[in-house]
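Visitor: One-letter residues, chain by chain:
Protein chains: 2
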Amino acid sequence: MAKIAVLGYGTVGSGVVEVLDTNKESIKKRAGKEIEVKSVLDLRDFPGDPIQEKIVHNIDDIINDPEIEVVVEVMGGIEPAFTFVKRALEAGKSVCTSNKALVAEHGPELLEMAKQRSLNFMFEASVGGGIPIIRPLNQSLTADEITKITGILNGTTNYILTKMDREGSSYEDTLKEAQELGYAERNPEADVEGYDACRKIAILTSLAYGSTVKFEEIRTEGISRITAADFKYAEKLGFVVKLLATSCKKDDKVYAITAPFMINSSHPLYNVNDVLNGIYIHGNVIGNVMFFGAGAGKLPTASAVVADIVDCVKHKGKNVMTVWSAKKLELGDADDEIRRFFVRVKGEPSDLAAVESAFGKVEPVTVEGINGEFGFVTEAMPEREFAQAAEKIDMIYRIRIDDTTI
Amino acid sequence: MAKIAVLGYGTVGSGVVEVLDTNKESIKKRAGKEIEVKSVLDLRDFPGDPIQEKIVHNIDDIINDPEIEVVVEVMGGIEPAFTFVKRALEAGKSVCTSNKALVAEHGPELLEMAKQRSLNFMFEASVGGGIPIIRPLNQSLTADEITKITGILNGTTNYILTKMDREGSSYEDTLKEAQELGYAERNPEADVEGYDACRKIAILTSLAYGSTVKFEEIRTEGISRITAADFKYAEKLGFVVKLLATSCKKDDKVYAITAPFMINSSHPLYNVNDVLNGIYIHGNVIGNVMFFGAGAGKLPTASAVVADIVDCVKHKGKNVMTVWSAKKLELGDADDEIRRFFVRVKGEPSDLAAVESAFGKVEPVTVEGINGEFGFVTEAMPEREFAQAAEKIDMIYRIRIDDTTI
Chain A
1 MAKIAVLGYG TVGSGVVEVL DTNKESIKKR AGKEIEVKSV LDLRDFPGDP
51 IQEKIVHNID DIINDPEIEV VVEVMGGIEP AFTFVKRALE AGKSVCTSNK
101 ALVAEHGPEL LEMAKQRSLN FMFEASVGGG IPIIRPLNQS LTADEITKIT
151 GILNGTTNYI LTKMDREGSS YEDTLKEAQE LGYAERNPEA DVEGYDACRK
201 IAILTSLAYG STVKFEEIRT EGISRITAAD FKYAEKLGFV VKLLATSCKK
251 DDKVYAITAP FMINSSHPLY NVNDVLNGIY IHGNVIGNVM FFGAGAGKLP
301 TASAVVADIV DCVKHKGKNV MTVWSAKKLE LGDADDEIRR FFVRVKGEPS
351 DLAAVESAFG KVEPVTVEGI NGEFGFVTEA MPEREFAQAA EKIDMIYRIR
401 IDDTTI
Chain B
1 MAKIAVLGYG TVGSGVVEVL DTNKESIKKR AGKEIEVKSV LDLRDFPGDP
51 IQEKIVHNID DIINDPEIEV VVEVMGGIEP AFTFVKRALE AGKSVCTSNK
101 ALVAEHGPEL LEMAKQRSLN FMFEASVGGG IPIIRPLNQS LTADEITKIT
151 GILNGTTNYI LTKMDREGSS YEDTLKEAQE LGYAERNPEA DVEGYDACRK
201 IAILTSLAYG STVKFEEIRT EGISRITAAD FKYAEKLGFV VKLLATSCKK
251 DDKVYAITAP FMINSSHPLY NVNDVLNGIY IHGNVIGNVM FFGAGAGKLP
301 TASAVVADIV DCVKHKGKNV MTVWSAKKLE LGDADDEIRR FFVRVKGEPS
351 DLAAVESAFG KVEPVTVEGI NGEFGFVTEA MPEREFAQAA EKIDMIYRIR
401 IDDTTI
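If you read the sequences in order, they're chains A and B. FYI, this note's numbering numbers position 362 of the first sequence as 362, with every residue one higher than the one before it. FYI, this note's numbering numbers position 182 of the second sequence as 182, with every residue one higher than the one before it.
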């Protein structure tokens with residue numbers, strides 16, 4: 001019997017308790033012993049709910065309980081999660097978390113603390129919800145030098161963009177609908193401005209290259225400026241718009257960006273719709289691999305947390321090695337990245353003089369019902385050069401293009 | 001420094017040596033120490049090739065070498081691979097293999113031998129080539145009860161079917177072309193008759209449920225009877241034809257089959273084309289997850305083998321637990337499985353009497369240029385009932401339909 005404690009009885013926390021109960025028998029077989037939730041930390045009480053008898057309000061009741069060998073942190077946010085996790089590790093307990101903010105901010109420090117104590121700090125659920133991606137990166141793609149990681153890593157924004165694409169609706173209306181359905185938070189900033197996806201690509205990139213990517217240094221752009229008009233142009237050009245979080249290694253430099261991109265039907269992530277997440281990885285020997293599935297949601301996320309709990313129980317007394325060190329990974333200059341851009345510009349498509357003097361020959365694209373402007377696609381060029389050329393035209397908006405093909 | 005031996009210097013064996021050399025530095029970081037190929041067993045000599053100095057012709061030179069801690073079996077076939085692997089384990093060496101025939105036939109016995117000696121027997125490359133699937137099933141999806149596994153697990157047949165679909169060519173011509181390109185063996189039976197895919201789904205199903213599926217007991221049908229005409233009907237109906245290897249759990253019974261299926265564009269494996277493999281898994285809490293990538297090829301397969309070598313080196317002296325036991329898993333009766341069927345029948349679509357007396361009301365489908373016959377799609381029905389009804393009509397051929405949606 002392995003006893004565990006859960007910090008936070010919210011959506012994921014209650015999901016963890018539910019999954020451990022629902023699949024009790026098969027989990028016992030996988031872990032080699034039964035796993036029992038002994039304590040659940042929450043400020044609230046849950047009168048009438050069977051969980052009530054396990055509820056504790058003081059973290060000390062868990063830290064000081066020698067029977068508890070794994071602590072599951074599913075509260076979210078940096079504090080008090082960070083303090084609680086450190087205290088758990090100091091007390092000789094392994095920790096599993098779904099908290100990407102905590103992992104992106106303090107991952108290597110907590111991994112090192114766990115390693116020094118022959119414990120484990122696991123965070124499969126922090127990226128891609130239920131999709132197994134942390135463990136494959138850590139343990140399966142070990143023969144490869146990873147050259148590219150591209151993910152649709154945020155379900156909320158993917159839901160909004162899929163809906164805008166299918167229904168031609170505005171960003172504002174679609175966000176409102178997503179909020180009503182519970183797919184977007186009342187304060188949606190972390191999702192729609194790309195901060196959530198940015199932290200996730202920072203984690204994946206750090207794991208792939210073994211040193212720490214500071215998420216604050218990743219160029220990050222959200223979807224809040226995407227309009228129904230952009231989707232009309234995209235459709236005409238055979239593209240869809242997706243929020244991609246991507247990093248790649250070129251000439252020993254690692255580049256990363258989180259931003260809306262246009263992708264076409266031969267892109268590996270073209271069919272990843274609704275709240276699904278998808279992650280595409282290119283390795284120098286394995287070639288392309290793709291993982292996709294539910295990137296969020298109570299049970300898929302709980303599934304990933306429970307898989308970590310099983311792994312901690314199986315590896316009691318033995319640290320599962322990762323290569324992620326605290327050493328900072330210096331990102332390459334995002335302005336050096338070369339790609340095509342889709343551009344919307346004010347004016348008539350018959351008068352290309354200004355545009356062509358800035359970008360060379362272009363093919364104007366117009367869309368029925370949208371007047372006084374037109375679109376075009378640039379040649380592949382560095383972001384720096386694009387920004388310089390764009391200053392010379394009356395640009396409305398631009399969306400990057402990702403030309404990766406499977 | 002960890003020293004290893006490779007049994008067989010063919011495509012995969014030379015790939016393993018190449019990957020260990022190409023990614024030497026990153027592999028050292030991942031494994032925690034350098035990995036060196038000390039010996040390579042092959043009957044041949046390779047004069048002039050740097051590998052020659054490592055070539056040995058006698059397995060005893062490897063078994064009796066106390067420095068060698070991991071043996072990599074990439075010879076293929078049951079014997080002498082089985083004997084060599086047993087001897088390696090008996091001599092205290094962990095084993096990695098890409099040999100699906102060996103794993104499907106003797107997996108649980110070899111896993112048990114490894115376990116008793118605190119060694120490891122790993123076989124990530126035996127299914128899905130480079131795609132990480134064995135380790136995710138073993139270690140990531142441990143919180144779930146797996147309810148369905150469906151894979152496109154054979155690159156040769158997927159290449160042939162993709163080509164027939166795109167070019168309208170015959171099975172015979174396409175097979176010949178695939179043979180000329182090296183995508184199909186001169187004796188293609190193991191691939192085209194589904195035996196290879198059948199062994200792979202037997203392995204995945206055994207791992208998912210923890211007891212042994214005898215591959216001989218899986219209903220298996222190949223692609224050699226698929227014609228250009230079938231693809232014309234499929235196109236008209238919005239389907240493609242894929243060789244699926246699939247198992248599912250219903251009411252505590254596990255069912256498995258390998259056969260050509262028609263699938264439509266909302267099926268998770270619809271876009272898995274050419275030599276790519278794709279594996280779709282449904283778990284009761286995680287929902288749907290999909291993995292895809294290169295299912296074969298020298299370097300992708302070697303990438304999976306080397307990841308196993310790294311894992312063996314990292315877990316020296318400690319068995320990585322699996323739940324696959326030698327206990328036999330009794331499969332449910334394949335005749336009880338319920339699905340729709342696409343049927344081609346001789347006659348004119350104006351005369352539906354015989355067909356409708358056997359199958360109830362049907363919607364006939366005709367294809368330009370194919371005369372004297374028509375097609376139709378049945379309601380969902382057990383295989384047994386379908387077979388009985390089919391005897392009453394002048395059937396040309398039938399293809400099962402898999403209605404799974406993402």
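It is worth saying that the hints were derived from the structure and are not from the lab. For clarity, every value in this text was computed on a predicted model and none was experimentally measured. Treat the hints with caution; some may be incorrect.
To be verified - For lysine to any residue, the following SDA-like pairs were computed, each having C-alpha atoms within a straight-line distance of at most 20 Å: (1) K148(B) with E180(A); (2) K253(B) with N271(A); (3) K148(B) with Q179(A).
What the hints assert, rightly or not - Short, incomplete list of chain A residues facing chain B, as computed with Cβ under 10 Å: (4) V16; (5) V17; (6) G32; (7) I131; (8) S140; (9) P260; (10) N264; (11) P268; (12) I281; (13) S303; (14) A326; (15) K328; (16) L329; (17) L331; (18) I401; (19) T405.
Glycine is no exception: its CB is placed at the ideal position from the N, C-alpha and C atoms.
Visitor: Provide an ascending list of the numbers of those earlier hints which the structure does not satisfy.
Guide: 1, 2, 3, 5, 9, 10, 14, 15, 16, 17, 18 and 19
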